[in-house]
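Chains H and W, in that order, give the protein sequences.
Sequential numbering of the first sequence, starting at 483, is according to my numbering.
Sequential numbering of the second sequence, starting at 21, is according to my numbering.
For the record, the hints were derived by calculation from the structure and aren't laboratory data.
No residue lacks a Cβ here, since even glycine has one placed at the ideal position from N, Cα and C.
Do not rely on the hints blindly, as some may be mistaken.
[Unchecked claim] Far from chain W, some chain H residues (derived; all Cβ distances over 12 Å):
#1 ILE542
#2 ALA548
#3 THR553
#4 GLU555
#5 ARG559
#6 VAL564
#7 HIS566
#8 LEU567
#9 ALA569
#10 ALA570
#11 GLY573
[Claimed, not checked] If you want the footprint, here are the derived chain W segments under chain H, 3+ residues with CB under 8 Å:
#12 259 to 271
#13 277 to 283
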Amino acid sequence: MSKLSRRSFLARTAVTAAAVTGGAVTLAGIEAPALVAAGSRPRSPRPTRGDVLVAHVRNISTGEVAVLMGTREVVYRDRNLVAHLLAAVRG
Amino acid sequence: MSSHREAPGISKDPVADNTDLYAFVSPDAPDTVTLIANYLPLQGPAGGPNFYEFGDDVLYQIYVDNDGDGRPDITYQFRFQTQLRNPNTFLYNTGPIASLNDPNWNRRQFYSVTRVQGEDERVLATGLSSPPCNIGPRSTPNYPALAGAAVHHLSSGETVFAGQRAEEFYVDLGAVFDLAVLRPFENLHLIPTPATPGVNATNRLNVHSIAIKVPRASLTRDGSSPTDPSRASSVIGVWAAASRRRAKIRDDEGDADDTGAWVQVSRLGNPLFNEVIVPMGSKDRWNALAPSADNQFAGDVLHPELARLLPVLYPGVFPNLAAYGKDRADLAAILLTGIPPGIIPGFQNFTGTTQADMLRLNMAVPPGSSNNILGILGGDLAGFPNGRRVFDDIVAIELRAVAGVTIPLVDHTFTPDGAASLLTSGLSPASVNSPSLSSFPYLGVPYDGFDNPS
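Build the full structure now, drawing on both the sequences and the hints.
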């Protein structure tokens with residue numbers, strides 16, 4: 483992914499530091515835990531400062547998109563979004 | 021190996037590769053249990069200047085199931101953070117490291133410990149120091165003191181250590197993976213060669229260990245300290261794992277961002293389960309699953325490939341095993357459910373009918389005054405497969421079990437082949453140059469790179 487496309491995508495999502503709820507940071511700088519074992523539902527799934535947002539098109543034909551941010555994952559369908567992304571990739 | 025590089029996927033990701041798991045009643049503090057999970061296999065001690073360390077992007081976890089459903093009731097989580105003092109030198113250390121705060125130590129790691137029980141998620145400690153790797157007499161002149169300072173006693177009652185240790189698992193890899201040759205019995209192999217002594221392929225290599233000593237009462241379902249081995253509440257199932265975030269995005273500056281849920285990439289309960297029982301095409305998937313899903317591998321336990329291979333590779337040596345066509349209920353008990361009451365006098369580590377690969381420990385069995393490295397096979401109820409101690413001869417125990425020694429526990433009509441009870445890889449704890457310790461963290465002092473350059 484080029485810097486332009488990635489950065490611009492992040493900018494358009496309006497994910498700013500001010501809008502993101504920061505996780506607790508310890509004196510040693512270790513982020514406090516915000517989740518549990520893989521396969522279990524996340525605990526306190528708040529995005530942390532500096533996290534990126536990634537949209538993963540899991541199925542082009544159905545428009546299924548997984549949005550990853552922090553330890554959160556939201557899966558939804560948006561055929562229009564996928565169509566726009568495909569158009570952007572194909573130039 | 022026990023679980024070193026045991027699956028195609030994790031073999032390419034050593035920082036998350038869970039290699040060995042130990043669970044035993046602490047011999048020097050029998051009201052506690054020690055759990056040790058090893059990662060980062062086969063470390064050459066001289067592997068600088070970027071010496072081995074835990075992954076800041078890996079979630080390390082040790083799980084305890086105390087109600088037999090193959091799901092965690094108590095989880096200990098370990099998260100690491102690396103700190104670099106001086107980015108303008110290539111050196112790990114710029115002089116002797118005399119203490120964990122020594123300014124000569126350039127690249128340090130700290131970690132947090134979290135305990136999760138039900139909905140209760142509690143950070144027990146943060147900013148805990150790991151020790152440096154053992155580099156050599158000039159850089160780490162008093163390594164035992166450095167490691168000792170990295171043993172942390174938490175106010176919540178646990179004692180923890182996370183850092184480099186000597187590999188205590190002994191195994192003749194070169195022989196085992198050469199068509200299951202077992203030195204010193206290679207003269208009996210289908211492709212015979214003269215008998216020679218066993219070779220410990222993991223000797224003089226290090227691992228990274230996460231060790232935690234926990235009061236027994238804090239692990240039981242009813243909060244009691246177990247005293248009666250016959251009680252179901254005395255038994256826990258233990259496994260360890262490592263997880264990575266769903267996505268990693270690399271930028272053009274050499275950095276990367278991780279995001280998304282944690283996804284399990286490595287798992288370990290009983291030694292050699294994924295290594296020997298699970299077929300190659302399923303190993304990566306097995307690593308991603310929880311033990312509660314292990315009933316799908318029950319067929320591989322009931323009819324293990326190795327039990328079919330032994331009579332072929334050692335013609336005429338295992339005729340009774342070759343003729344045995346029944347389900348291996350003995351192995352299912354040892355590996356998937358625990359050994360029910362009434363099979364071994366005075367012992368059980370049965371967790372119920374849920375088939376799950378967990379290291380099962382009956383915490384009411386006290387540590388013995390004299391240990392037998394063959395564990396229960398040697399009459400020592402405090403050893404594997406009742407948990408696992410660092411010196412237990414896992415290879416010999418599991419070889420003998422697979423070869424049929426444990427079948428009579430559940431099928432009195434079967435007579436094991438004479439060779440089955442002699443199987444060994446020709447090794448013992450004496451094959452490990454850095455011996456295990458009698459106190460926490462029990463694993464030996466890691467080998468230094470100067471004296472163990474290759």
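These are the hints, each one checked on the structure:
Every Cβ of chain W is farther than 12 Å from the Cβ of H:ILE542; the closest lies at roughly 18 Å, confirming the non-interface assignment. Not every beta carbon of chain W lies more than 12 Å from that of H:ALA548, the smallest distance being close to 8 Å; the non-interface claim is violated. The beta carbon of H:THR553 sits about 5 Å from the closest Cβ of chain W, which is not more than 12 Å, so the claim that it is off the interface is violated. Annotated as non-interface, H:GLU555 brings its C-beta within 12 Å of a C-beta of chain W; the closest such distance is 5 Å.
Even its closest Cβ contact with chain W, about 19 Å, leaves H:ARG559 beyond 12 Å, as expected for a residue assigned away from the interface. Here H:VAL564 stays apart from chain W, with its beta-carbon at least about 17 Å from theirs, past the 12 Å limit. Against chain W, the non-interface label of H:HIS566 holds: every CB pair exceeds 12 Å, the least being about 20 Å. The Cβ of H:LEU567 lies farther than 12 Å from every Cβ of chain W, with a closest approach of about 16 Å, so its non-interface assignment holds.
The claim that H:ALA569 lies off the interface holds: its Cβ sits roughly 22 Å from the closest Cβ of chain W, which is beyond the 12 Å cut-off. With a least CB separation of 17 Å from chain W, H:ALA570 remains clear of the 12 Å interface cut-off, as annotated. No beta-carbon of chain W is positioned within 12 Å of the beta-carbon of H:GLY573; the least distance is around 21 Å. Given a C-beta distance limit of less than 8 Å, the hint that chain H covers the stretch 259 to 271 of chain W holds, as 7 residues qualify and 3 suffice.
Only when three residues or more bring their CB closer than 8 Å to a CB of chain H does the claim for the stretch 277 to 283 of chain W stand; here the count is 6, and the claim holds.
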